[in-house]
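Using the sequences and the accompanying hints, generate a full structural model.
Chains A and B, in that order, are what the protein sequence lines are. For the numbering used here, add 488 to where a residue sits in the first sequence, where the first one is 1. For the numbering used here, add 488 to where a residue sits in the second sequence, where the first one is 1.
To be clear, the hints were calculated from the coordinates, so they are not data collected in a lab. Computed from a predicted structure; not experimentally measured. Check the hints yourself; a few may be wrong.
In this list, chains with the same sequence are indistinguishable; a pair is considered to hold if it fits within one copy or across any two.
Derived SDA-like pairs: lysine to any residue, alpha-carbon spacing no greater than 20 Å straight-line [said to hold, decoys possible]:
| no. | residue 1 | residue 2 |
| --- | --- | --- |
| 1 | LYS525 | ILE740 |
| 2 | LYS918 | SER666 |
| 3 | LYS554 | LYS771 |
| 4 | LYS792 | VAL531 |
| 5 | LYS855 | LEU817 |
| 6 | LYS742 | GLY522 |
| 7 | LYS554 | GLU769 |
| 8 | LYS525 | THR834 |
| 9 | LYS659 | LYS855 |
| 10 | LYS525 | THR737 |
| 11 | LYS691 | LYS896 |
One letter stands for each residue in the lines below.
Protein chains: 2
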Amino acid sequence: MFAIFVATIVAFIFPPLPLGALGMIAMCVTALTGVVKIGDLLVGAFGNTTVWLVVSAFLFAKGLIKTGLGRRIAYTLINAIGDNSLKVAYALAASDLIIAPATPSNTARAGGVLFPVVKSLCLAYDSSPGPTARRIGSYLMQSVFQGNAVTSAMFMTAMAANPLVAELASKALGVQISWGLWALAACVPGLVSLLVIPYFLYKVYPPELKDTPEIKKLAATELAKMGPTTKAEKLMAGIFCLALLLWATQTINKLDATLVALSCIGLMLFTSVLEWQDITEEKAAWDTMFWLGSLVSLSGFLSKLGFIPWFAKMAGAMVAGINWIPALLVLAAIYLYAHYGFASLTAHVTAMYVAFATICVAAGAPKYLVVLILAYFSNLCANLTHYATGPAPIYFGAGYVDQGTWWKLGFVVSLINMVIWIGIGGAWWKVLNLW
Amino acid sequence: MFAIFVATIVAFIFPPLPLGALGMIAMCVTALTGVVKIGDLLVGAFGNTTVWLVVSAFLFAKGLIKTGLGRRIAYTLINAIGDNSLKVAYALAASDLIIAPATPSNTARAGGVLFPVVKSLCLAYDSSPGPTARRIGSYLMQSVFQGNAVTSAMFMTAMAANPLVAELASKALGVQISWGLWALAACVPGLVSLLVIPYFLYKVYPPELKDTPEIKKLAATELAKMGPTTKAEKLMAGIFCLALLLWATQTINKLDATLVALSCIGLMLFTSVLEWQDITEEKAAWDTMFWLGSLVSLSGFLSKLGFIPWFAKMAGAMVAGINWIPALLVLAAIYLYAHYGFASLTAHVTAMYVAFATICVAAGAPKYLVVLILAYFSNLCANLTHYATGPAPIYFGAGYVDQGTWWKLGFVVSLINMVIWIGIGGAWWKVLNLW
Numbered sequence: 489m490f491a492i493f494v495a496t497i498v499a500f501i502f503p504p505l506p507l508g509a510l511g512m513i514a515m516c517v518t519a520l521t522g523v524v525k526i527g528d529l530l531v532g533a534f535g536n537t538t539v540w541l542v543v544s545a546f547l548f549a550k551g552l553i554k555t556g557l558g559r560r561i562a563y564t565l566i567n568a569i570g571d572n573s574l575k576v577a578y579a580l581a582a583s584d585l586i587i588a589p590a591t592p593s594n595t596a597r598a599g600g601v602l603f604p605v606v607k608s609l610c611l612a613y614d615s616s617p618g619p620t621a622r623r624i625g626s627y628l629m630q631s632v633f634q635g636n637a638v639t640s641a642m643f644m645t646a647m648a649a650n651p652l653v654a655e656l657a658s659k660a661l662g663v664q665i666s667w668g669l670w671a672l673a674a675c676v677p678g679l680v681s682l683l684v685i686p687y688f689l690y691k692v693y694p695p696e697l698k699d700t701p702e703i704k705k706l707a708a709t710e711l712a713k714m715g716p717t718t719k720a721e722k723l724m725a726g727i728f729c730l731a732l733l734l735w736a737t738q739t740i741n742k743l744d745a746t747l748v749a750l751s752c753i754g755l756m757l758f759t760s761v762l763e764w765q766d767i768t769e770e771k772a773a774w775d776t777m778f779w780l781g782s783l784v785s786l787s788g789f790l791s792k793l794g795f796i797p798w799f800a801k802m803a804g805a806m807v808a809g810i811n812w813i814p815a816l817l818v819l820a821a822i823y824l825y826a827h828y829g830f831a832s833l834t835a836h837v838t839a840m841y842v843a844f845a846t847i848c849v850a851a852g853a854p855k856y857l858v859v860l861i862l863a864y865f866s867n868l869c870a871n872l873t874h875y876a877t878g879p880a881p882i883y884f885g886a887g888y889v890d891q892g893t894w895w896k897l898g899f900v901v902s903l904i905n906m907v908i909w910i911g912i913g914g915a916w917w918k919v920l921n922l923w
Numbered sequence: 489m490f491a492i493f494v495a496t497i498v499a500f501i502f503p504p505l506p507l508g509a510l511g512m513i514a515m516c517v518t519a520l521t522g523v524v525k526i527g528d529l530l531v532g533a534f535g536n537t538t539v540w541l542v543v544s545a546f547l548f549a550k551g552l553i554k555t556g557l558g559r560r561i562a563y564t565l566i567n568a569i570g571d572n573s574l575k576v577a578y579a580l581a582a583s584d585l586i587i588a589p590a591t592p593s594n595t596a597r598a599g600g601v602l603f604p605v606v607k608s609l610c611l612a613y614d615s616s617p618g619p620t621a622r623r624i625g626s627y628l629m630q631s632v633f634q635g636n637a638v639t640s641a642m643f644m645t646a647m648a649a650n651p652l653v654a655e656l657a658s659k660a661l662g663v664q665i666s667w668g669l670w671a672l673a674a675c676v677p678g679l680v681s682l683l684v685i686p687y688f689l690y691k692v693y694p695p696e697l698k699d700t701p702e703i704k705k706l707a708a709t710e711l712a713k714m715g716p717t718t719k720a721e722k723l724m725a726g727i728f729c730l731a732l733l734l735w736a737t738q739t740i741n742k743l744d745a746t747l748v749a750l751s752c753i754g755l756m757l758f759t760s761v762l763e764w765q766d767i768t769e770e771k772a773a774w775d776t777m778f779w780l781g782s783l784v785s786l787s788g789f790l791s792k793l794g795f796i797p798w799f800a801k802m803a804g805a806m807v808a809g810i811n812w813i814p815a816l817l818v819l820a821a822i823y824l825y826a827h828y829g830f831a832s833l834t835a836h837v838t839a840m841y842v843a844f845a846t847i848c849v850a851a852g853a854p855k856y857l858v859v860l861i862l863a864y865f866s867n868l869c870a871n872l873t874h875y876a877t878g879p880a881p882i883y884f885g886a887g888y889v890d891q892g893t894w895w896k897l898g899f900v901v902s903l904i905n906m907v908i909w910i911g912i913g914g915a916w917w918k919v920l921n922l923w
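Quick look at the structure:
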């Protein structure tokens, strides 16, 4: 399983065929070699709710774009604050942050809510995949995606596996992390990250468009040209707000984020905001379904068949007996970078959190420090690859950033995040008297 | 669950939206009402190997059509025997019969092997969905589909659930049905059905083209025009034969029919016979994935949640205490027509076979008679609806036959099959001294 998984990742890095085809072939190889039955692989790939949440996000975005609502939101945003592309990035990060505490699915937030807005913004600036990508699209896509990993880390309810982390910390180590403590401990390093990262990307991966005051006028003209909102736009806006409300109140209404997304697409079909044809011809959704589905399935079996637990044990043995400070630093780094082998944050947490936290504590590291660092790193690792978490394939699939750049920026930003969250975070947690 | 299922079937009969959209909405309703979790529904729908075998058959057909191989086979066939559309139907039924004993997946046989040939034949005769459908396409599609239900019944290895039937008969009633006995008992009524049904359809649902001698010349000219076979055609032919060989030797090689199909599509991609784009833009496959997947999932839960077992018990209670002959006839008819509520032959067998067989035997019916009639009816019910079994959505999805006609012909042919298999079959089994 590990050999096939590594071969698949290598093939994804130097693709001899489109990713969807590679994913399908990888599943066939896994079944043909007798490692996992094809039926189980298909369940892991296409019966997975996260995969369908990602597919739904593509269809959601289609509705926002087709009705023109996304374009209207984008122009309104540009009209209000679009005199500088860095400000646009901050505005988007702020939107993400505002809805984060109430949206337990980072895919719903970055994919369902922000992605159509970013996409429309890019199109409004005439920045499409290809020669015009770097105009503003590449920068905004990276900035929002990187910011989403940070906002996911900041609240217990901002990412689906965060409550699981809290439960595991309580069960395995007896450390109780309340919603408030999680947010209080995260707010300082989180806000620093959200300020630093868009600025850092603005410097090392700059958009061609920087000061853009004349675009504000264009936006006003375009808004005037679009006239009053249409019935389809109003319906789309209503369904969009309903989805947002249901996602935001998930802890109360108990509705699965994927169910909300599919039901809202059902509503769009019912109200003729979307035609069924719009869905069956949304090629990008089917391509993503194949490659994300196959990776989620393969990485799931990598864990289920025992490779990940074995890996966790091996890594732990390496640092046993040494001082807790280097032990914690090394294990935290291994924990974070192990996400190169995962296509799901939940799978990562499930497979590695308890083992790593236990070893760190056994090495003498303060419990709260261990629990919090690994909890936040469970989210911050989401920026490493284009398959790391639900939003990754959506933003990568938009086609504005090539794979090499994606991985390079992900790695560099992960170093910045480690410095901020361990350095400033550690100091802040000392102030809070947590260690 | 039953209420939602019935509402979905009614909506499928009078569709207010495309079937795929209805299926998706039905799953959302099932999850929103708390009947089944969305995650379980998605597993049942999109993690199902039969659903993926059907999707694969669409992609397989694409390869045969895109390379021109399907067209070449069709023209060769027309050139050889195409002077009468009834003969074409018999030739196709014979092909189905020849590969049936060795192809345990009726979907692979009718969908993967015959469908592309039938489709190409129709196109060669300029018969497409719409005004030209009745020229020859509607007739051939119905004839092959109806014949497939018969060939499925004729061998223990001609349909995936047949070995399950044999096992259930052995376990529940102690009746051992060998491969040879199954085929021997089926050969007389089976051959009669295969002779009668194409002729019956030729009379009540006639093709506009009957004697077509001039078309043979046209076929010869077209074959000459096509020139020698291309590299893509040869590759496609090789992959096609490989799939056929692997499907035919499934009992030896133990490879799942879906795995064979997906692997062969992988080979087509690898050898550039198909581009990945051909797959993502195959709208019909994604539409079918939604509506077939959702029905398979819903009917699966109809059974799992206990409705089907309850229904089986109720029907049994109705005939308790009466003479075994009417009891067997009534129960066999209920068993067959209960398939209106199933989207899978396997699900039908799993849910109803044991209960119905047990009640018939308890009413005093001879064991072999009961076991065989219900075994064959487990296949003959496949002709009732456009969602009855894997090939149904493929042939229905081709668009040559409208839903009303499909159901009417299915019902009438089911009556003919019942007369043949109970009447002639019963007499034949008396000759064989089975009762």
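Structure-based check of each hint:
no., hint, in the structure
1, LYS525 x ILE740, "between (38 Å within a copy, 17 Å between copies)"
2, LYS918 x SER666, "within (18 Å within a copy, 77 Å between copies)"
3, LYS554 x LYS771, "both (15 Å within a copy, 19 Å between copies)"
4, LYS792 x VAL531, "both (14 Å within a copy, 18 Å between copies)"
5, LYS855 x LEU817, "within (14 Å within a copy, 72 Å between copies)"
6, LYS742 x GLY522, "between (38 Å within a copy, 11 Å between copies)"
7, LYS554 x GLU769, "both (13 Å within a copy, 19 Å between copies)"
8, LYS525 x THR834, "between (23 Å within a copy, 19 Å between copies)"
9, LYS659 x LYS855, "within (13 Å within a copy, 58 Å between copies)"
10, LYS525 x THR737, "between (38 Å within a copy, 18 Å between copies)"
11, LYS691 x LYS896, "within (15 Å within a copy, 70 Å between copies)"
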